[in-house]
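Sequence order for the protein chains is A and B. First residue of the first sequence: -17, per the working numbering; consecutive thereafter. First residue of the second sequence: -17, per the working numbering; consecutive thereafter.
Any given hint could be a false lead.
Copies of the same chain are indistinguishable here, so a pair counts whether it falls within one copy or spans any two.
[Unchecked claim] Derived DSSO-like pairs: lysine-lysine, alpha-carbon spacing no greater than 30 Å straight-line:
1) 86 to 128
2) 135 to 218
3) 223 to 135
4) 218 to 86
5) 135 to 86
6) 86 to 223
7) 128 to 218
8) 86 to 225
9) 225 to 135
Just so you know, the hints here were simulated from the structure itself, not pulled from any lab data.
Protein chains: 2
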Amino acid sequence: MTSPRAGSLRIIGLGPGDDAWITPEASDLIAGASDLVGYAPYLERIPAREGQMRHQSGNRVEMDRARLALRLVEEGRSVALVSGGDPGVFAMAAAVFEAIEGGKPAWRDIDVAVCPGISAMQAAAARIGAPLGHDFCAISLSDNRKPWSLVEKRLAAAAEGDFVIALYNPASIARPQRIHDAFALLRGLKSGQTPVVFARAVGRADETISIATLASVDPSLVDMSTLVIIGSSQTKTIARKGKAPFVYTPRGVDP
Amino acid sequence: MTSPRAGSLRIIGLGPGDDAWITPEASDLIAGASDLVGYAPYLERIPAREGQMRHQSGNRVEMDRARLALRLVEEGRSVALVSGGDPGVFAMAAAVFEAIEGGKPAWRDIDVAVCPGISAMQAAAARIGAPLGHDFCAISLSDNRKPWSLVEKRLAAAAEGDFVIALYNPASIARPQRIHDAFALLRGLKSGQTPVVFARAVGRADETISIATLASVDPSLVDMSTLVIIGSSQTKTIARKGKAPFVYTPRGVDP
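Whenever a hint applies, use it, and build me the whole structure from the sequences.
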């Protein structure tokens, strides 16, 4: 090793869009880092700081980004690897541990810790009520790294268990049919009256939230910035005059 | 109405234990409230502020607390209803919307919004790696307000779908057998080598984290402050010399 001191890696979540959701822990760790590593739009959210190095990368190179962060730590740097949402939920933390597991044995001794953040489903839920107020599951619809048959199996199990369902990565430019396939599957297993929420760009200036039912909703409105929530059989809509309804899932079920 | 001005209700999550996880949004809303309402241990985390009223209550009176908050808003107060974790996840937000749905029609017009927080499963996951790095579900084991048969159905569906499972409210003084029943059910459906994490009092001074396997773990160690995470078939443990292992779920599955 050429460096006289040990580096550290902090994997940090900024939350979705609104800086008021960045925790003090995250802000402090970012301020104290010698190097910031991340996907460009996340780094752009962080004010420049004199002497702090920035290493930005594209969206589809998660393993490269994780390994870059680990190599910088080897050089004695204090690295903040910055992610949107919660890095522990469908994000960079798993990529880092994959890189550690498959990398140099010395990487297992690196001082690494995860700093949680508000995840997109929590922000989306907060905007319209409390749809995640009872048992729920979170499923990534991306089939880049898993077979579509596993997505179908999990959607069916989620319907069988009557979970509220949050869908991450629901749209794919390469495979635009997938979101339609997912809704077709769920329509065969759940009531058409089930509330469905599309929360787009939550916490950003162009945020839009729409509420529909499983029978009426148009899956083609979903894009890559959309978080989808599909209710359980218990999820309710509270109508309001002149305002969007509330959507919530009660804490219990009548026996 | 006797009040000349309209009140508002903000349902706020402090996150689990560590104040470094309280978002700036939450801090600002708490600082600006005329009245704080909450379970006593959560209110005790908030510094006193001159002129700000406090209304603390016990743990098992969620609906009373929600209605108190709504009545204060009717009187024109700016109410911060404070919860641990994320109020939208197994917490106070659903109770408020239940109270609104079942209460006076005018309550539907109240200015109410939810402020999300870090939930216990996110903090627990961050402490040991990235076990929630891929598809997961969250289940409350409490059968205070739902039949145990529904808990069993959801545990079985979660195993069938090969989800990572986060268990909230896993222990009950009134029904200490429940956590044993849940583990017995899961042991019949999942590999004994599945990683299991018990995260107790995360973010508090007495935090303890333990990692075991489904076959070896002792469910009697679970108490009401414990968040339980049970891996999917893909969840891995990375051994380290002289340190606790990392636990993570990869972002994909080999086709």
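Consistency of the hints with the structure:
1. 86 to 128: within (26 Å within a copy, 49 Å between copies)
2. 135 to 218: both (26 Å within a copy, 21 Å between copies)
3. 223 to 135: neither (40 Å within a copy, 38 Å between copies)
4. 218 to 86: between (51 Å within a copy, 17 Å between copies)
5. 135 to 86: neither (35 Å within a copy, 43 Å between copies)
6. 86 to 223: Classified as between; 14 Å across copies, 61 Å inside a copy.
7. 128 to 218: Close across copies (17 Å), not inside one copy (33 Å); limit 30 Å.
8. 86 to 225: So residue 86 and residue 225 pass the 30 Å test across copies only (17 Å; inside, 56 Å).
9. 225 to 135: So residue 225 and residue 135 fail the 30 Å test inside a copy (37 Å) and across (37 Å) alike.
When the structure is compared with the earlier hints, violations turn up for hints 3, 5, 9 and for no others.
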